[in-house]
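> Residues per chain are reported as follows:
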Amino acid sequence: MDEPLKATEPAAVEDAAPATVKVAGSLPEIVPDHTTDDLKIVMGDFEGPLDLLLHLIRQEQVSIYDIPVARITDEYLRYLQVMQNLDMAVAGDFLVMAATLIELKTKMLLPRDPFAAVEEEADPRNELVDQLLEYQKYKAAAQMLWSRATVERAVFKRAELETDKNNPEVVVGVFDLLRVFQEILGRHADEVLLEIEREEISMAEMIERLRNMVMSAGELNLRVFFERARSRSELVLAFLSVLELVRTTEIKLFQRKTFGDILARVAS
Amino acid sequence: MAKQQGTEQAFDVDPLAAEADGELETADSSREAERGEADLTPLTVQNVGERKAIIEALIYVSDEPLNAKSVAEVLKEDPSVVEAGIASLVEEFNGRASGLQLREVAGGWQFATRPEYHEHVRAFLKSRPSAKLSLASLETLAVIAYKQPITVPEILDIRGVQSPSSIKTLLDKKLIVAKGRKEAVGRPMMYGTSKAFLIQFGLKDLSELPSIEDFEDLVSGVV
Amino acid sequence: MAKQQGTEQAFDVDPLAAEADGELETADSSREAERGEADLTPLTVQNVGERKAIIEALIYVSDEPLNAKSVAEVLKEDPSVVEAGIASLVEEFNGRASGLQLREVAGGWQFATRPEYHEHVRAFLKSRPSAKLSLASLETLAVIAYKQPITVPEILDIRGVQSPSSIKTLLDKKLIVAKGRKEAVGRPMMYGTSKAFLIQFGLKDLSELPSIEDFEDLVSGVV
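Chains as they are written, first to last, in the numbering used here: chain A, 1240 to 1507; chain B, 2 to 224; chain C, 2 to 224.
Among the clues, some could well be false.
Simulated crosslink set (DSSO-like; lysine-lysine; CA at most 30 Å straight-line) [unchecked claim]:
#1 LYS1396/A x LYS70/C
#2 LYS183/B x LYS196/C
#3 LYS148/B x LYS183/B
#4 LYS183/B x LYS148/C
#5 LYS183/B x LYS175/C
#6 LYS205/B x LYS183/B
#7 LYS196/C x LYS77/B
#8 LYS148/B x LYS205/C
#9 LYS127/C x LYS174/B
#10 LYS175/C x LYS70/B
#11 LYS148/C x LYS183/C
#12 LYS205/C x LYS70/B
#13 LYS174/B x LYS205/B
#14 LYS127/C x LYS1396/A
#15 LYS196/C x LYS175/B
#16 LYS175/B x LYS205/B
#17 LYS175/B x LYS127/C
#18 LYS180/C x LYS196/C
#19 LYS127/C x LYS175/C
#20 LYS169/C x LYS196/C
Just so you know, these hints were derived from the structure itself, not from any lab.
The following block holds chain A by itself, in its conformation from the complex:
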């Protein structure tokens, strides 16, 4: 429709040697390089399997109403192969279409039921053709939207007036309500997580924490130790654990000056 049609030889090079692969921005094409036997592949990205299929049909210059399924399927699979070779993640969409094409190819190879009336036997390609025709329309409509938006972007509205500030043009829909609600629930989820953590620390663990901190630091400012407490109950546990280690004479408390910070060190 809008791509330059590249006259390419219908893939006679089924098992062609590794192609010179170049990934370019937009125009996807498989160009035979006549100087060598290699294929030079310029890869583009496709919106989906239907997009790729349409591209191949156009590239092969075949009729959409009479798709040579075998040929197009081979091309399609070859394209997927290239994508995979390029380490591009081949989305499930493309693989589903590959399966559809292979099934279609098989059906086309099956001999027709000689006893069936001609009109009864629908062309197995019909469904795919309908799908492609339908998709093609919206693909073209997307182009139309694109050009409309382009023109619109060349049109400017007046700058904001003082009066606008009373009426900001922010539209709220139902999904905004849902999102806001989820955010509120999210705030709650955080709190709940903290709650669980809080309850998980035991007296024994707190004593162990204090012991480790004093040992590793040699000298520990209790303010630092207490500040690690994440809740009131942890703070209580922290205080109790200090008392406990002092009681068992594992640590000693002292001050460098009157009213100074209280420090703890291992009792020698």
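Assemble the complex: chain A is given as a structure, and chains B and C must be docked to it using the hints.
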């Protein structure tokens, strides 16, 4: 939509819905008082020229495309009279070889710069073209615009893909809105285009979209 | 035609490029090239009429009163030439018996409505349906919509705030209504959304509110 908590940013609810409803009024006392006052001394329009001038002023101050009905309510006049005023204003304005145009978009009228001067305007505003929509999003938007109201599986089916990510993008950009649920198994949510869609794509209304069959003719000629 | 990888890889919509070759541009390199090119060829003004039109457009989009010097910089012209253009524009504009005037303020020019229509402008601005919601109100509304019927303490608890002021706002805006009393200590009043809420958000009934599942369907990659 801004999410910072505690800011004074305000949100308007869907203007389309608000329009359909006429108005959803707040019981703000000062406003009630003002309106009462206005009712006592109705603002009258003296003549055709004054009406035109007032319409021009109102279109200018309105932050959204303004329709005849809203103007008629303020002037307490018949919408058809206002429409005639708008038509005369449009004729005058668009007849001038000027930098501004008066155009109809999303069911209302709005002043805007003429597209032919976009380079200068852009250079002045030092702005870069802002809106960015991927082709995937545009495809999805095209499907929704022509098939609305439509469900997510129906959209994906036409596009032949499985990921609904572009639908989410369009919702975030407010180009589409939820349009109720389909009376089918699972009551899936349906989507349609928004007023913002009309504005962003410069459409008077949905009927201004070319028929989808036109694209059929266009594409079948290709191969 | 440009092809883009499935998801949200966006392309810049550059009307310059579009007009030039009628095609989508995607590759970054080509865009860079265009921009460079644009810089090489300064924007020229063809004639007096075009200059006037551009000045009009620039004054219209400027958020501050615009002076000749600023325009001259954009047009790469002599300020005196621009001044002549502005003078001619002012003469034309203020000669019209219209709702807008072009006035000089703070050393620059700006459009403004004429003072004689200020009553109509004021009446119009007041008449606009204001369904403004602060984020706090929106949050409260969301909680009520999804948890109704619900009491005030329950709302405050979920939101993690102390002030019930946004509930009053929503009641004033008639977006929520009282829904009877809860059979609990003190028999507190319960609240739910109103019919106005449904209209405002374009819902037939509450079952049309999107659910977490609807949202997750859109966010999660594959349906």
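> Would you mind marking each hint as holding or not holding in the structure?
Each hint tested on the structure:
Taking the CA atoms of LYS1396/A and LYS70/C, the gap is about 22 Å. The hint holds against a cut of 30 Å. For the hint linking LYS183/B to LYS196/C, the alpha-carbon distance of about 21 Å falls within 30 Å, and the restraint holds. The hinted pair formed by LYS148/B and LYS183/B meets the criterion: a straight-line CA distance of about 13 Å does not exceed 30 Å. Our distance criterion of 30 Å between C-alpha atoms is met by LYS183/B and LYS148/C, whose separation comes to about 23 Å.
Distance hint between LYS183/B and LYS175/C is fulfilled; the C-alpha atoms sit about 28 Å from each other, no more than 30 Å. Taking the CA atoms of LYS205/B and LYS183/B, the gap is near 27 Å; set against the 30 Å cutoff, the hint holds. Restraint check: the Cα-Cα separation between LYS196/C and LYS77/B comes to about 28 Å, which is no more than 30 Å; the hinted pair holds. A threshold of 30 Å between alpha carbons decides the hint, and for LYS148/B with LYS205/C the separation of about 20 Å falls inside it, so the pair holds.
Restraint check: the Cα-Cα separation between LYS127/C and LYS174/B comes to about 29 Å, which is no more than 30 Å; the hinted pair holds. Annotation: proposed proximity of LYS175/C to LYS70/B holds, straight-line Cα distance about 24 Å (limit 30 Å). Between LYS148/C and LYS183/C the alpha-carbon distance is near 14 Å, which keeps this suggested pair within the 30 Å criterion. In summary, the hint linking LYS205/C to LYS70/B is supported, as the alpha carbons are separated by about 25 Å, within the 30 Å threshold.
Among the hinted pairs, LYS174/B with LYS205/B is consistent with the structure: their alpha-carbon atoms are about 20 Å apart, no more than 30 Å. Between LYS127/C and LYS1396/A, the direct Cα distance comes to roughly 22 Å. Compliance with the 30 Å bound is thereby established for this hinted pair. With a CA separation close to 24 Å, the supplied pair LYS196/C and LYS175/B stays within the 30 Å bound. With a C-alpha separation of about 18 Å, the suggested pairing of LYS175/B with LYS205/B holds against the 30 Å cut-off.
With a C-alpha separation of about 26 Å, the suggested pair LYS175/B and LYS127/C falls inside the 30 Å cut-off, and the hint holds. Between LYS180/C and LYS196/C, the direct Cα distance comes to roughly 13 Å. Compliance with the 30 Å bound is thereby established for this hinted pair. Distance hint between LYS127/C and LYS175/C is fulfilled; the C-alpha atoms sit about 18 Å from each other, no more than 30 Å. Of the supplied pair hints, the one linking LYS169/C and LYS196/C holds, its CA atoms being roughly 17 Å apart against a limit of 30 Å.
Hint check: no violations occur; every hint is consistent with the structure.
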